[in-house]
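J.: Chains as they are written, first to last, in our numbering: chain H, 3 to 341; chain W, 3 to 341; chain L, 3 to 341; chain P, 3 to 341.
I should point out that these hints are in silico values taken from the structure, not numbers from a laboratory. Any given hint could be a false lead.
As the list claims (entries may be wrong) - Some, not all, of what chain L presents toward chain W, calculated at C-beta under 7 Å:
1) 4
2) 6
3) 31
4) 40
5) 42
6) 44
7) 45
8) 48
9) 49
10) 216
11) 245
Glycine is no exception: its CB is placed at the ideal position from the N, C-alpha and C atoms.
Protein chains: 4
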Amino acid sequence: MIIVMSSEATEAQLEAVVKRVKEQGLDVNISRGTERTLIGAIGDERKLDQELLEALPGVEQALHILKPYKIVAREWHKQDTVIDIKGVPLGGRQVQIISGPCSVETREQMDLSAAAVKAAGCRLMRGGAFKPRTSPYSFQGAGVEGLDMFRKAADKHGLPIVTELMDARQLDTFLEYGVEVIQIGTRNMQNFDLLKEVGRVNVPVILKRGMSATISEWLMAAEYIAAGGNHNIIFCERGIRTFETYYRNVLDVTAIPVLKKETHLPVIVDPSHAGGKAWMVPALSRAAIAAGADGLLVEMHPNPCEAWCDADQALNPQELIKLMGELRGIAQVIGREIL
Amino acid sequence: MIIVMSSEATEAQLEAVVKRVKEQGLDVNISRGTERTLIGAIGDERKLDQELLEALPGVEQALHILKPYKIVAREWHKQDTVIDIKGVPLGGRQVQIISGPCSVETREQMDLSAAAVKAAGCRLMRGGAFKPRTSPYSFQGAGVEGLDMFRKAADKHGLPIVTELMDARQLDTFLEYGVEVIQIGTRNMQNFDLLKEVGRVNVPVILKRGMSATISEWLMAAEYIAAGGNHNIIFCERGIRTFETYYRNVLDVTAIPVLKKETHLPVIVDPSHAGGKAWMVPALSRAAIAAGADGLLVEMHPNPCEAWCDADQALNPQELIKLMGELRGIAQVIGREIL
Amino acid sequence: MIIVMSSEATEAQLEAVVKRVKEQGLDVNISRGTERTLIGAIGDERKLDQELLEALPGVEQALHILKPYKIVAREWHKQDTVIDIKGVPLGGRQVQIISGPCSVETREQMDLSAAAVKAAGCRLMRGGAFKPRTSPYSFQGAGVEGLDMFRKAADKHGLPIVTELMDARQLDTFLEYGVEVIQIGTRNMQNFDLLKEVGRVNVPVILKRGMSATISEWLMAAEYIAAGGNHNIIFCERGIRTFETYYRNVLDVTAIPVLKKETHLPVIVDPSHAGGKAWMVPALSRAAIAAGADGLLVEMHPNPCEAWCDADQALNPQELIKLMGELRGIAQVIGREIL
Amino acid sequence: MIIVMSSEATEAQLEAVVKRVKEQGLDVNISRGTERTLIGAIGDERKLDQELLEALPGVEQALHILKPYKIVAREWHKQDTVIDIKGVPLGGRQVQIISGPCSVETREQMDLSAAAVKAAGCRLMRGGAFKPRTSPYSFQGAGVEGLDMFRKAADKHGLPIVTELMDARQLDTFLEYGVEVIQIGTRNMQNFDLLKEVGRVNVPVILKRGMSATISEWLMAAEYIAAGGNHNIIFCERGIRTFETYYRNVLDVTAIPVLKKETHLPVIVDPSHAGGKAWMVPALSRAAIAAGADGLLVEMHPNPCEAWCDADQALNPQELIKLMGELRGIAQVIGREIL
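Put together the whole structure using the sequences plus the hints.
T.: Structure (structure tokens):
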């Protein structure tokens with residue numbers, strides 16, 4: 003950590019800061035510049051509290067030099083982590099397209115969906131039984147019964163399932179139903195109690211980016227899960243909130259190469275929630291794979307015009323098949339593959 | 003709701019949309035313009051699903067005309083709601099300054115804090131026992147023991163308490179300790195399961211605005227609480243996330259008159275978390291009261307340089323007393339008062 | 003336009019609004035809903051002033067139904083516009099990669115750059131003679147002498163040039179030097195006097211998106227140029243400003259399919275300024291082409307570590323060659339080509 | 003400047019960086035930490051190019067310690083600058099409310115406006131003759147004839163005038179008409195050629211903040227003017243662009259205390275363009291003065307419903323008089339005054 007003293011700081015103030023740093027077991031290097039004096043703290047800077055130091059008299063600012071995340075950082079784990087989801091690898095050379103409807107509606111809809119997911123060549127299936135809705139008066143998901151419909155439809159077609167957990171009190175039910183991948187939604191990215199709970203189980207977790215979370219906050223949210231012992235974490239970029247109003251969110255494609263540099267964990271993209279319209283999904287999906295994403299979470303519905311939720315953003319089965327073909331071509335160009 | 007048909011929509015597509023609207027029990031008014039045909043849905047538009055309609059062939063867009071919130075809307079409840087917190091009114095002519103430390107640390111610190119809050123003339127006290135921290139390696143709050151320290155210190159000085167609830171599983175403990183006002187933090191504004199839980203109890207709730215929540219989403223989050231039966235909701239603006247990096251958040255002072263227009267519920271402001279620096283707090287506090295806020299949530303610590311959390315944003319007791327004097331003057335100018 | 007009357011509007015207020023609309027030569031359709039009365043204005047709504055209508059007593063809001071842009075809109079011109087730049091087509095099946103250094107430095111640097119651009123297979127060259135710099139103390143560009151160096155180096159290798167115009171008073175000089183494509187930078191996207199000037203000449207214009215311009219504002223800025231008679235406009239997405247601080251800007255890849263839908267004009271992307279770091283450029287370039295961009299504006303410098311400006315975002319010649327190979331593959335997958 | 007070497011940097015890379023820094027005439031301090039080696043550059047860091055250093059092999063990041071602005075910085079000029087506008091002081095104890103219509107329409111409208119401005123007790127008048135409009139098809143201002151109308155109406159009532167300059171080619175006309183304060187609009191905050199031109203004249207300049215300009219960029223834009231010799235600069239906060247859609251912009255009230263700390267120059271606020279609605283103006287105006295602004299730029303129209311531009315954001319003369327009374331009270335509470 004670098005502590006910048008203000009141009010009017012006294013020698014006594016400088017000494018008080020040095021004393022504080024040394025009390026935490028770190029050493030210091032003092033650099034007297036022409037306009038400012040800097041204190042370099044040598045040792046584990048994670049022990050220093052930036053805000054506390056900035057509250058000391060004479061301090062202009064305290065700057066972190068090291069990244070605050072550790073277990074999830076590539077600096078400490080050079081190799082790409084490949085997560086095994088019931089035999090389906092995520093994070094390696096193979097790119098995985100996870101597809102399915104926004105929400106679980108009926109047994110028939112789930113069966114048709116699973117068949118279409120399988121037919122398109124996808125190896126993992128998504129679907130929501132518990133739905134976070136902006137309005138308390140909107141359909142809130144089919145709940146445990148939905149989980150049961152999802153499980154049965156997916157099993158029939160041999161597909162591991164991905165579904166969202168919104169409340170720690172539902173975790174046992176998720177384990178009972180053998181959910182293969184637990185999704186933490188964008189609104190819960192910093193629901194720290196929930197992160198701690200999924201950190202205690204041994205199930206892969208998709209951690210969606212908060213609507214306006216920085217890369218650093220997102221990595222720290224993952225660090226909450228990792229610190230509990232669960233290192234099977236998959237980042238999912240799903241669009242960020244900006245000033246633009248033409249589309250729901252702005253897919254942050256830059257986050258893909260940046261995360262691949264900062265962390266060894268897999269990075270996938272949700273092009274459906276990002277744009278919010280089915281006609282945008284193919285372009286965004288291609289962009290994500292071209293930028294190096296390890297997979298996608300794409301909404302598909304056997305009959306989008308009848309969907310109970312987010313109807314205008316789901317592909318239909320034919321559109322999914324066409325998209326898969328394009329993605330395969332792009333994966334190949336960059337040395338990867340989609341089975 | 004207004005449904006705009008695209009310039010190339012066919013008559014059959016128009017009829018299909020009309021049929022859908024009528025199936026929900028609404029009537030229609032068709033307006034054929036020179037470039038577009040519009041369908042006006044007459045009746046309770048909350049029954050119509052915008053996304054579903056936009057997914058129908060030939061539809062360009064569907065526009066809501068009515069606000070989606072109801073219980074919290076001023077349109078349905080013209081008078082200002084005044085919430086009674088153990089005899090302290092919030093939301094009427096009197097402005098309330100709620101003060102106290104960021105986090106509960108020790109019995110001594112809480113006792114000094116409560117004494118200082120009281121001495122400054124504040125009638126409600128804040129303090130965090132459970133702390134949402136960006137890093138899993140930071141101090142996470144003193145927990146239930148902290149709640150106990152807070153309760154005792156506040157009782158000694160006759161101050162009702164405000165403290166943050168992060169997990170539905172802790173609600174019973176909060177009730178046991180007789181927490182007078184439950185705070186829902188910015189990261190949990192759309193933790194819908196938590197909102198539903200506090201909607202079931204009869205304790206006033208401060209609902210902080212999500213870091214990048216729109217006014218409409220915020221009102222809908224309150225509607226979740228209200229729909230459960232608890233109408234004692236207090237909105238708290240605490241700064242929003244923008245591109246600016248000089249300060250932590252941008253205090254959205256415009257939200258104050260806007261909320262006062264849209265809802266009958268009280269609106270307070272947290273100037274401490276907005277700016278993130280103690281030296282910004284007086285200016286932001288004065289601005290909030292001048293703009294019409296019903297109260298403030300101001301961090302104060304008996305010895306800011308020793309605070310365990312957010313050290314650089316707490317006022318010291320003397321600064322709080324000085325600020326109270328200025329706020330009293332401003333309240334008076336706009337026809338309100340601070341006791 | 004739809005005008006929504008407030009729930010408390012009187013009949014007289016309704017009539018006053020209707021009168022206003024009719025004075026502008028439009029007809030009205032009145033729809034009396036259960037909670038609001040709506041007035042639909044039938045005719046050319048561009049004649050109505052939204053703000054003026056919203057200022058009338060009893061009006062809650064006025065909503066535009068039509069897009070405010072016309073010449074640039076695909077609605078009025080279905081076919082893709084292909085712009086001919088001295089024989090190089092932009093906007094059709096062929097994708098164009100425009101490359102070159104951030105700024106013109108020396109004759110030698112420009113000659114090496116032009117040779118490298120040519121060698122990589124690019125058919126157009128970029129370079130800045132007049133540079134918009136945040137600080138008045140930074141290098142402001144080589145000016146007219148730079149233009150001369152650029153012209154000569156490009157001519158030697160048969161490359162049409164793209165360079166930024168910052169001041170209307172320099173336009174004659176640009177015409178004298180035969181600049182083939184005039185670039186309007188992000189900071190000048192709404193410099194309306196400059197837009198009007200380039201609207202009067204017959205030279206293709208690259209219009210970069212303002213740092214926080216909405217799609218609609220961007221299209222309207224192009225409409226300023228088009229209204230002057232110059233329809234050779236190329237949109238260039240270059241990243242938008244958000245809360246994220248890890249990278250300079252967020253490349254808005256969604257803007258590509260959206261613009262392709264809204265306008266018939268070509269859309270290119272500047273991956274270099276978006277990310278701000280050379281190591282991000284390949285991923286962003288691939289994403290842009292995969293999403294359907296008609297071209298790129300990529301910074302390349304013969305010796306990046308010696309560049310006078312934006313040194314850390316330029317590719318070196320070898321990196322550009324490698325990137326061109328990947329882009330060719332992606333273009334092919336989506337039915338396009340790079341020569 | 004602090005240069006952070008990556009954890010894998012070699013000794014030779016370190017030496018190459020040190021050589022670069024020394025070539026610019028600065029000295030170095032090397033601090034070898036447990037995980038990173040840091041190089042502190044001692045001397046005038048403005049000579050170092052951050053991007054160039056970050057492009058060197060082995061460098062992780064380069065951090066500026068000093069602020070890049072100088073003439074406008076309070077660090078170099080401790081006292082508040084008071085600008086004299088034909089005898090009206092701006093920037094001292096007295097707070098100035100500058101009022102008038104959005105745009106100059108007719109001689110009668112300007113005469114009524116000037117009379118109302120005077121009657122409300124304001125000492126400076128605003129009005130736009132050249133208007134930056136999003137659409138090329140909207141009213142673009144009355145131009146030079148408008149300037150003439152404005153001049154005459156203001157002179158009749160003894161009011162110095164504030165009006166916007168959009169194009170450097172109009173500067174001579176502005177000087178001819180004796181414009182007392184030149185306004186640079188939000189869209190031109192980084193129109194560097196225009197800034198340089200107004201830096202050469204001896205007329206006070208109001209520099210509006212760019213829609214998404216950071217505090218630092220804004221100060222640097224002012225530095226452009228100051229570097230030309232004109233130090234009579236007034237900052238004007240007018241709302242920033244965010245994700246919120248309920249109101250046009252978010253008034254950034256935090257910018258007021260921050261600018262007062264960073265610069266010695268006056269800071270005013272435009273509450274009219276910030277909110278975009280007349281009913282928000284009183285609350286925002288009070289907040290701005292309470293936060294410490296040196297003045298306001300408030301739109302007032304003798305008959306808002308007939309205004310040719312921004313009709314729904316202008317106060318009427320009576321509303322302005324009422325507002326002035328509240329602002330006088332607030333100014334007094336914080337030790338300032340409005341005559």
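J.: Are the hints correct? Go through all of them and say.
T.: Going through the hints against the structure:
1. 4: 6 Å, holds
2. 6: Where the cut-off is 7 Å and the nearest Cβ of chain W is about 6 Å from residue 6 of chain L, the hint holds.
3. 31: 4 Å, holds
4. 40: 6 Å, holds
5. 42: 4 Å, holds
6. 44: 5 Å, holds
7. 45: OK, holds: residue 45 of chain L within 7 Å of chain W, min 6 Å.
8. 48: 10 Å, violated
9. 49: Because about 12 Å separates residue 49 of chain L from the closest Cβ in chain W, which is outside the 7 Å limit, the hint is violated.
10. 216: Interface hint status for residue 216 of chain L: violated (15 Å vs cutoff 7 Å).
11. 245: 5 Å, holds
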